[in-house]
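Colleague: So the chains spell out like this:
2 protein chains.
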Amino acid sequence: MSKKLIAKPIIKEIYAQLKDELKKSIYLPNLAIILIGDDPAALFYAKNLEKKGAKIRMNVTTYKFADNIRQKDLLDEIELLNEDDSVNGIIVQKPLPVHLDESEIILKIDPNKDVDAFHPFNMGNLVLDGEGFIPSTSAAVIEILKFYDIEVSGKNVVILGRSHIVGKPLANLLLRKSKIGNATVTVCHSYTNNLPEITKRADILIAAIGKPLFVKSNMIKENAIIIDVGINQIQDAKNKSRYVGDVDFDDCLEKALLITPVPGGVGSVTTAMLLKNVVYALKRYR
Amino acid sequence: MSKKLIAKPIIKEIYAQLKDELKKSIYLPNLAIILIGDDPAALFYAKNLEKKGAKIRMNVTTYKFADNIRQKDLLDEIELLNEDDSVNGIIVQKPLPVHLDESEIILKIDPNKDVDAFHPFNMGNLVLDGEGFIPSTSAAVIEILKFYDIEVSGKNVVILGRSHIVGKPLANLLLRKSKIGNATVTVCHSYTNNLPEITKRADILIAAIGKPLFVKSNMIKENAIIIDVGINQIQDAKNKSRYVGDVDFDDCLEKALLITPVPGGVGSVTTAMLLKNVVYALKRYR
Numbered sequence: 010m011s012k013k014l015i016a017k018p019i020i021k022e023i024y025a026q027l028k029d030e031l032k033k034s035i036y037l038p039n040l041a042i043i044l045i046g047d048d049p050a051a052l053f054y055a056k057n058l059e060k061k062g063a064k065i066r067m068n069v070t071t072y073k074f075a076d077n078i079r080q081k082d083l084l085d086e087i088e089l090l091n092e093d094d095s096v097n098g099i100i101v102q103k104p105l106p107v108h109l110d111e112s113e114i115i116l117k118i119d120p121n122k123d124v125d126a127f128h129p130f131n132m133g134n135l136v137l138d139g140e141g142f143i144p145s146t147s148a149a150v151i152e153i154l155k156f157y158d159i160e161v162s163g164k165n166v167v168i169l170g171r172s173h174i175v176g177k178p179l180a181n182l183l184l185r186k187s188k189i190g191n192a193t194v195t196v197c198h199s200y201t202n203n204l205p206e207i208t209k210r211a212d213i214l215i216a217a218i219g220k221p222l223f224v225k226s227n228m229i230k231e232n233a234i235i236i237d238v239g240i241n242q243i244q245d246a247k248n249k250s251r252y253v254g255d256v257d258f259d260d261c262l263e264k265a266l267l268i269t270p271v272p273g274g275v276g277s278v279t280t281a282m283l284l285k286n287v288v289y290a291l292k293r294y295r
Numbered sequence: 010m011s012k013k014l015i016a017k018p019i020i021k022e023i024y025a026q027l028k029d030e031l032k033k034s035i036y037l038p039n040l041a042i043i044l045i046g047d048d049p050a051a052l053f054y055a056k057n058l059e060k061k062g063a064k065i066r067m068n069v070t071t072y073k074f075a076d077n078i079r080q081k082d083l084l085d086e087i088e089l090l091n092e093d094d095s096v097n098g099i100i101v102q103k104p105l106p107v108h109l110d111e112s113e114i115i116l117k118i119d120p121n122k123d124v125d126a127f128h129p130f131n132m133g134n135l136v137l138d139g140e141g142f143i144p145s146t147s148a149a150v151i152e153i154l155k156f157y158d159i160e161v162s163g164k165n166v167v168i169l170g171r172s173h174i175v176g177k178p179l180a181n182l183l184l185r186k187s188k189i190g191n192a193t194v195t196v197c198h199s200y201t202n203n204l205p206e207i208t209k210r211a212d213i214l215i216a217a218i219g220k221p222l223f224v225k226s227n228m229i230k231e232n233a234i235i236i237d238v239g240i241n242q243i244q245d246a247k248n249k250s251r252y253v254g255d256v257d258f259d260d261c262l263e264k265a266l267l268i269t270p271v272p273g274g275v276g277s278v279t280t281a282m283l284l285k286n287v288v289y290a291l292k293r294y295r
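Which chain is which? The protein sequence lines are A and B, in order.
By the count of the numbering used here, the first sequence reaches residue 295 at its end, each step adding exactly one.
By the count of the numbering used here, the second sequence reaches residue 295 at its end, each step adding exactly one.
Watch out, some of these pointers could steer you wrong.
Calculated lysine-lysine pairs in the DSS-like style (CA-CA distance at most 27 Å, straight line) [stated by the list, open to error]:
#	chain 1	residue 1	chain 2	residue 2
1	B	Lys164	A	Lys230
2	A	Lys209	B	Lys61
3	B	Lys155	A	Lys186
4	B	Lys249	A	Lys209
5	B	Lys249	B	Lys17
6	B	Lys12	B	Lys292
7	A	Lys164	B	Lys249
8	B	Lys61	B	Lys13
9	A	Lys225	A	Lys264
10	B	Lys12	B	Lys64
11	A	Lys188	A	Lys249
12	B	Lys61	A	Lys230
13	B	Lys249	B	Lys230
14	B	Lys17	B	Lys73
15	B	Lys64	A	Lys164
16	B	Lys220	B	Lys186
17	A	Lys164	B	Lys230
18	A	Lys220	B	Lys73
19	A	Lys230	B	Lys64
20	B	Lys164	B	Lys61
21	A	Lys220	B	Lys188
22	B	Lys61	B	Lys81
23	A	Lys164	B	Lys12
24	A	Lys28	A	Lys17
25	A	Lys186	B	Lys209
26	A	Lys230	A	Lys56
27	A	Lys230	A	Lys220
28	A	Lys209	B	Lys60
29	A	Lys164	B	Lys225
30	B	Lys64	A	Lys103
31	B	Lys164	B	Lys17
32	A	Lys64	A	Lys12
33	A	Lys225	B	Lys164
34	B	Lys186	A	Lys220
35	A	Lys12	A	Lys33
36	A	Lys188	B	Lys186
37	B	Lys21	B	Lys155
38	A	Lys186	B	Lys103
39	B	Lys17	A	Lys209
Derived from the structure by calculation, the hints contain no laboratory data.
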């Protein structure tokens with residue numbers, strides 16, 4: 010087995026599964042993307058979801074709004090999508106213009122259509138082992154661990170980063186009484202002292218801090234398993250732009266037992282897990 | 010300063026505060042306790058809340074039901090309390106008879122009256138820094154750390170136990186970007202390997218596993234701060250019953266810098282934090 014925990018075979022399997030399920034389904038899933046303004050990355054992401062959706066018979070519709078849309082009007086648009094039985098999933102693309110109140114917007118989305126799983130009700134269910142959606146990045150990390158048959162139970166897992174969308178949900182998931190769970194979990198962040206000392210104790214190190222190439226080989230232990238959630242755009246020496254993770258892959262490759270690449274690692278599985286959430290919404294809540 | 014982090018001065022302050030607030034309040038808070046069957050400990054707890062409530066002008070009403078109450082009837086009773094504007098807080102006493110579906114019951118309670126903070130919506134808000142209730146045991150631990158001016162930021166906090174009502178909410182709270190937060194948090198449990206090695210690294214050790222006298226002095230580091238959440242009834246040599254924590258207090262007292270006693274520690278503050286939640290509900294949601 011290669012050292013690289015690549016996304017490709019995982020995605021292939023997930024998309025084949027979803028396609029197969031939807032082949033037999035009477036109803037087809039509908040994902041609504043709310044896109045405000047014309048951020049090129051957000052637009053690219055939406056187009057990508059439309060394309061990926063089309064391949065599995067999922068309708069992905071992007072609702073575009075001007076970046077001066079009023080909070081109240083946006084909430085009304087979400088309400089319409091909430092009430093529309095044909096819509097199974099709703100996501101609101103970031104970044105949002107500063108005049109909009111993000112937390113009110115998230116609260117407005119019907120938790121049963123909240124396929125990004127940013128609603129507090131879904132987060133609470135995640136912590137309390139209730140039924141609901143798992144944020145797709147966290148789900149992707151769990152899926153990689155599962156696919157590559159990595160023992161998690163009883164391991165020292167160190168998570169770098171305490172964000173609402175990765176660090177915290179992942180910590181709670183890895184504490185669950187389940188196969189990809191039962192880990193001893195440590196969460197580190199900007200206030201952590203003696204960080205390398207802590208990361209060096211990790212059997213599994215998960216980096217999700219958004220700092221390019223932050224984790225070096227002298228911060229990991231021999232034969233650690235490294236999961237890199239970061240996707241950072243940097244300029245290389247020739248001023249060419251490229252994407253790197255939070256982990257210095259080249260530096261850590263030799264010392265690590267297994268390591269996810271960037272690109273082609275967690276990020277690629279994340280999109281698949283989001284679409285899986287939409288199919289789950291169709292099956293479960295329709 | 011004594012080594013003992015005792016509850017007494019904390020409780021005194023909280024009750025004085027609550028009493029003072031309610032002195033000026035037009036409305037008085039109402040807490041509804043749902044008690045099923047006749048478990049003596051549950052009955053004692055309810056009586057205690059009634060007594061404590063009376064001292065601060067809070068009405069505490071216990072609604073007793075036979076232990077063969079049907080799930081549907083219980084849900085209807087909760088609905089009545091949800092709809093009653095004069096009721097600010099609702100708690101359902103455990104243990105519940107086995108024929109009742111606990112998670113359905115918790116989901117039924119209006120999150121704005123869920124002063125135990127067991128509803129997923131409140132747990133999600135806790136994780137996502139939203140507004141809502143904090144489970145009273147976790148709130149008590151935070152309150153003790155605050156009252157005794159214990160530096161938490163950047164410290165290695167080790168939590169023993171991953172329960173829904175203590176370990177998990179506490180881990181998420183101590184990760185918050187707040188004064189009693191910013192800790193590097195490790196959660197241990199029954200699957201954790203080399204436990205003493207991990208607990209020995211704790212600047213602050215929080216025990217919440219429900220195992221009497223589990224933590225011994227050889228599991229803590231010199232000058233550690235020990236918070237004992239456990240309340241376990243044991244029989245001593247003379248067959249007399251007494252309450253002890255998850256920590257062997259006598260054994261750890263010398264080595265620890267600070268330590269909470271049992272009884273007279275976390276448990277005593279917990280009741281005060283619950284009543285504080287009811288007053289919060291009155292102010293916030295009425």
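Colleague: Regarding the pair A/Lys225 and B/Lys164, is the alpha-carbon distance no greater than 27 Å?
Modeller: Roughly 23 Å separates the two Cα atoms, so the pair holds.
Colleague: Given the hinted pair B/Lys186 and A/Lys220, is their Cα-Cα distance within 27 Å?
Modeller: holds, 19 Å
Colleague: Has the given pair, B/Lys61 with A/Lys230, been kept, meaning a C-alpha gap of at most 27 Å?
Modeller: violated, 53 Å
Colleague: Would the hint linking A/Lys28 and A/Lys17 be met if the CA-CA limit is 27 Å?
Modeller: holds, 16 Å
Colleague: Compare the distance between the alpha carbons of B/Lys164 and B/Lys61 with 27 Å, and conclude whether the hinted pair is satisfied.
Modeller: Roughly 35 Å separates the two Cα atoms, so the pair is violated.
Colleague: For the pair we were handed, B/Lys249 and B/Lys230, check the Cα-Cα distance against 27 Å.
Modeller: violated, 32 Å
Colleague: Within a Cα-Cα threshold of 27 Å, do B/Lys64 and A/Lys103 meet the stated pairing?
Modeller: Not satisfied, since the Cα-Cα distance of roughly 50 Å exceeds 27 Å.
Colleague: Compare the distance between the alpha carbons of A/Lys12 and A/Lys33 with 27 Å, and conclude whether the hinted pair is satisfied.
Modeller: Judged against 27 Å, a Cα distance of about 37 Å means the pair is violated.
Colleague: Checking one constraint from the list: CA of A/Lys164 to CA of B/Lys249, max 27 Å. Satisfied?
Modeller: violated, 41 Å
Colleague: Hinted pair, alpha-carbon criterion (27 Å max): A/Lys188, B/Lys186. Please report holds or violated.
Modeller: Violated: A/Lys188 and B/Lys186 sit about 31 Å apart, past 27 Å.
Colleague: For the pair we were handed, A/Lys164 and B/Lys225, check the Cα-Cα distance against 27 Å.
Modeller: holds, 23 Å
Colleague: Is the Cα-Cα distance between A/Lys64 and A/Lys12 27 Å or less?
Modeller: Outside the cut-off at roughly 30 Å; violated.
Comparing the model with each numbered hint stated earlier shows that hints 2, 3, 4, 6, 7, 10, 11, 12, 13, 14, 15, 16, 18, 19, 20, 22, 23, 26, 28, 30, 32, 35, 36 and 39 do not hold.
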